[in-house]
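Chemist: Put chain B on the given structure of chain A with help from the hints.
So the protein lines, in turn, are chains A and B.
Mapping of the first sequence onto this note's numbering: position 238 corresponds to residue 238, and the numbering continues sequentially without gaps.
Mapping of the second sequence onto this note's numbering: position 162 corresponds to residue 461, and the numbering continues sequentially without gaps.
Take the hints with a grain of salt, since some may be wrong.
[Unchecked claim] A few chain A residues facing chain B, derived, Cβ under 7 Å:
| no. | residue |
| --- | --- |
| 1 | A44 |
| 2 | A47 |
| 3 | F261 |
| 4 | G263 |
[To be verified] Simulated DEER-style distance windows between Cβ atoms:
| no. | chain 1 | residue 1 | chain 2 | residue 2 | range |
| --- | --- | --- | --- | --- | --- |
| 5 | B | Q522 | A | W160 | 24 to 32 Å |
| 6 | A | H144 | B | Y330 | 41 to 49 Å |
| 7 | B | A654 | A | H144 | 50 to 58 Å |
These are calculated hints, taken from the structure and not from any lab test.
For every residue, glycine included, the Cβ atom is placed at its ideal position computed from N, Cα and C.
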Amino acid sequence: MQVHWRQSLMSYTFLAPALILLAVFTFYPLLYGAYLGFTEYSGARFANHLPPQWVGLRNFETVLGDPLFRTALANSVKYLLVVPALQLASLAVAVLVAKNIPGIALFRAAYYVPVITSVSLAAVMWEWVFNREGTLNWLLKALHLTTPEAAFGWLNSEHWAFWAVMLVTFWRGFGYYMVLYLAGLQAIPEELEEAAILDGASAWQRFWRVTVPLMRPTILLCTLLSTIAALRVLEEVLVLTNGGPLNSTYTALMYVYAKAFQGFDFDYGVASAAGLVVALVALLLSALNFRFFHREEQA
Amino acid sequence: MKRSVKALTLGLALVASTASAQTTVTFWTWYLSPKFDGYIKDTINAFEKANPGIKVQWFDKQDSMVQDFIASVNLGNAPDVVNLNIDETQKAAQNGFLTAVNTLTSPATLRSTFYPQSLSNFTSGSNTYAYPWYGWLNEGVLLYNPDLFKKAGLTRAPRTASEMLTYAKTIKDKTGAYAWVPALKDPNTASFLGYFYAEGLPVTDASGKAAFNTPAHASLLAQYVTLYRGGYVPEDAVRREAFQLATELYAQNRVAMIIGGPQALTRIKDTNPALYARTVVTQAPLGKAGVQTGGSMGLVIPKASRNPQAAAKLAAFFTNNANQLAFARVVPVVPTTKGAQTSTQFKTSGSDPVARATALVGASGRLINPGYRAPGNSDDLYKNFNDNIEAALLGKKTAQQALADAATYWNANLKK
Numbered sequence: 001m002q003v004h005w006r007q008s009l010m011s012y013t014f015l016a017p018a019l020i021l022l023a024v025f026t027f028y029p030l031l032y033g034a035y036l037g038f039t040e041y042s043g044a045r046f047a048n049h050l051p052p053q054w055v056g057l058r059n060f061e062t063v064l065g066d067p068l069f070r071t072a073l074a075n076s077v078k079y080l081l082v083v084p085a086l087q088l089a090s091l092a093v094a095v096l097v098a099k100n101i102p103g104i105a106l107f108r109a110a111y112y113v114p115v116i117t118s119v120s121l122a123a124v125m126w127e128w129v130f131n132r133e134g135t136l137n138w139l140l141k142a143l144h145l146t147t148p149e150a151a152f153g154w155l156n157s158e159h160w161a162f163w164a165v166m167l168v169t170f171w172r173g174f175g176y177y178m179v180l181y182l183a184g185l186q187a188i189p190e191e192l193e194e195a196a197i198l199d200g201a202s203a204w205q206r207f208w209r210v211t212v213p214l215m216r217p218t219i220l221l222c223t224l225l226s227t228i229a230a231l232r233v234l235e236e237v238l239v240l241t242n243g244g245p246l247n248s249t250y251t252a253l254m255y256v257y258a259k260a261f262q263g264f265d266f267d268y269g270v271a272s273a274a275g276l277v278v279a280l281v282a283l284l285l286s287a288l289n290f291r292f293f294h295r296e297e298q299a
Numbered sequence: 300m301k302r303s304v305k306a307l308t309l310g311l312a313l314v315a316s317t318a319s320a321q322t323t324v325t326f327w328t329w330y331l332s333p334k335f336d337g338y339i340k341d342t343i344n345a346f347e348k349a350n351p352g353i354k355v356q357w358f359d360k361q362d363s364m365v366q367d368f369i370a371s372v373n374l375g376n377a378p379d380v381v382n383l384n385i386d387e388t389q390k391a392a393q394n395g396f397l398t399a400v401n402t403l404t405s406p407a408t409l410r411s412t413f414y415p416q417s418l419s420n421f422t423s424g425s426n427t428y429a430y431p432w433y434g435w436l437n438e439g440v441l442l443y444n445p446d447l448f449k450k451a452g453l454t455r456a457p458r459t460a461s462e463m464l465t466y467a468k469t470i471k472d473k474t475g476a477y478a479w480v481p482a483l484k485d486p487n488t489a490s491f492l493g494y495f496y497a498e499g500l501p502v503t504d505a506s507g508k509a510a511f512n513t514p515a516h517a518s519l520l521a522q523y524v525t526l527y528r529g530g531y532v533p534e535d536a537v538r539r540e541a542f543q544l545a546t547e548l549y550a551q552n553r554v555a556m557i558i559g560g561p562q563a564l565t566r567i568k569d570t571n572p573a574l575y576a577r578t579v580v581t582q583a584p585l586g587k588a589g590v591q592t593g594g595s596m597g598l599v600i601p602k603a604s605r606n607p608q609a610a611a612k613l614a615a616f617f618t619n620n621a622n623q624l625a626f627a628r629v630v631p632v633v634p635t636t637k638g639a640q641t642s643t644q645f646k647t648s649g650s651d652p653v654a655r656a657t658a659l660v661g662a663s664g665r666l667i668n669p670g671y672r673a674p675g676n677s678d679d680l681y682k683n684f685n686d687n688i689e690a691a692l693l694g695k696k697t698a699q700q701a702l703a704d705a706a707t708y709w710n711a712n713l714k715k
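Pulled out of the complex, with its shape left as it was, chain A reads as follows (with noise of 0.2 Å):
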């Protein structure tokens, strides 16, 4: 009883100190954040000092009723349409970038390169991608796909700004959940594979029963991780249409920083209000992803 009492206490003293930077840094402002939902506490109240008023649901009545918080809910909900895509991309680049060829670090390692690159420097070069004068109008003519007076700014058009976007923030986040899903690949025993190998399964075959089978955790920590991400896109949006046009491109996190953080008349009430919402909405689709997997995994 005496070494369990030390052990538990021995175990909590290790735990301390990432317990203590979790309350500080990740519980406390959480909780005060959603407290602040619930209060009216604008520029002009935290300026001259005054503290946050308690206003009950009224910040949320404000958000729903919004019809700019409900498109920019849209859009970020339509923008999870890039979290299959870029896991099935990943997933497939890691099975092919995972074997020993020559030279294969080169393309893991510019594969990863996008993670690392700073947003500002890729929306410049994405810019040249999407002008009018761009390079995708230059490659669309070059194969006889369009011509130039048909030629359009791509960030420029409430049809494909949205997709010009979300094609960045593919290309952006690529290379992190192919490294994901390679180290998941790498733990994979190799006898597993070498077995279906002398039961004569074809590669294909390899793939689907052994391969997405063991890597189940990886792609559900990996949906997760994107699921959220995409919901949380702000940046790449910011800097290359800044919501427009026509708000085609306005997300939830962008009303967010908005509300927030753009300027003197911030709200952080209505601001926190609108995380929240956001936050709820992304908590409804992990337990979705959740569900599905462990439905997956007991078939």
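Modeler: Positioned in the frame of chain A, the structure of chain B alone reads:
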């Protein structure tokens, strides 16, 4: 021995008291480093020499200036002097972030130093919230590419705003280049309101309510919509700041004219020196009202400053006539001090485009006026206004409908 110990103790106490009397003032500028490090550092040195008890710590802020300001107030380490433009000063003042500078410097001194309009730009209610600093005129000068003009068969610069619209079609049709980039919806402001002011159309009524939805306003917007939809304005103008876009395209021979301050020329000098040398500088056309629009920077004292008196000294020093004129010698800005009007500095001109432009506008600081004042809750109102301008430009709404919708939103969400 006893006497020498006593003297030493006294000496140390004196040094200590001098050290404790030293006040450190934190000074934030906006986008001035590294290009103007020399001027800022020299001015700080001169200030410290004239005020031995005050030490200045200078930081230059860029993209995140406003966010950093708010965060610093939150963390309890607010700067003492901050460089903000007219719009941000108005917003900060409305929300209670600033100390009225007329409580730190006598109103008589302010009135004798600065143009009345310069003070008015930074006045909210009955208080002035900034020491006006350097400014610029949106219609200060017109610079044009003579080769594109020749190709378009034009022999002179446009003289009226309506002539500009005609030129837009001629230049594009004959050269393929755009005539100029109008500020249709610059981010973080409501730039199209400036066009209403330039044409003598009211932006708000006496009570501050929106008054920009009359048929005359709609007719003006419709002219720009026609230009935009006809391909006579770069389509990026709905997404990017007009001035940035114009200087970029001008340097590539893809825009024939820039209307604005001489500061555009310094950028062209860096990016395309050959075109800079050929650039013609002349007077810019004005709208029907015959007024200029423009902007200015100011130096504000945050309410959270720990040293407001010393801060006021520094702000007044940086914005005094001599220092504004010295700054105008480094970069072609427009001083906001009354004394600049009679300065000989702006009376001489040469063949250099920057020198010509500076001579044209340098003494015109009294005309700096954005043409509209940031309303309460301006972030939301500007966003909605710009969304409606964009809807009109992209053909989703008629000009009249767009302005009516913006006015309805404006009046419903305006905070006093």
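Chemist: Are the hints correct? Go through all of them and say.
Modeler: Do the hints match the structure? See the list:
Using the Cβ-Cβ criterion of 7 Å, the hint placing A:A44 at the interface with chain B is satisfied: the shortest such distance is roughly 5 Å. Look at A:A47: its Cβ gets to within about 4 Å of chain B, closer than 7 Å, so that hint holds up. The restraint placing A:F261 at the interface with chain B holds, with a minimum CB-CB distance near 5 Å, inside the 7 Å limit. Evaluation of the A:G263 hint against chain B yields a held restraint, the C-beta minimum of about 5 Å falling below 7 Å.
As the Cβ distance of B:Q522 to A:W160 is approximately 28 Å, the hint placing it in 24 to 32 Å holds. About 45 Å separates the C-beta atoms of A:H144 and B:Y330, a value consistent with the hinted range of 41 to 49 Å. Checked against the hint of 50 to 58 Å, the C-beta distance between B:A654 and A:H144 comes to roughly 52 Å, which is consistent with it.
Of the numbered hints given earlier, the model fails none.
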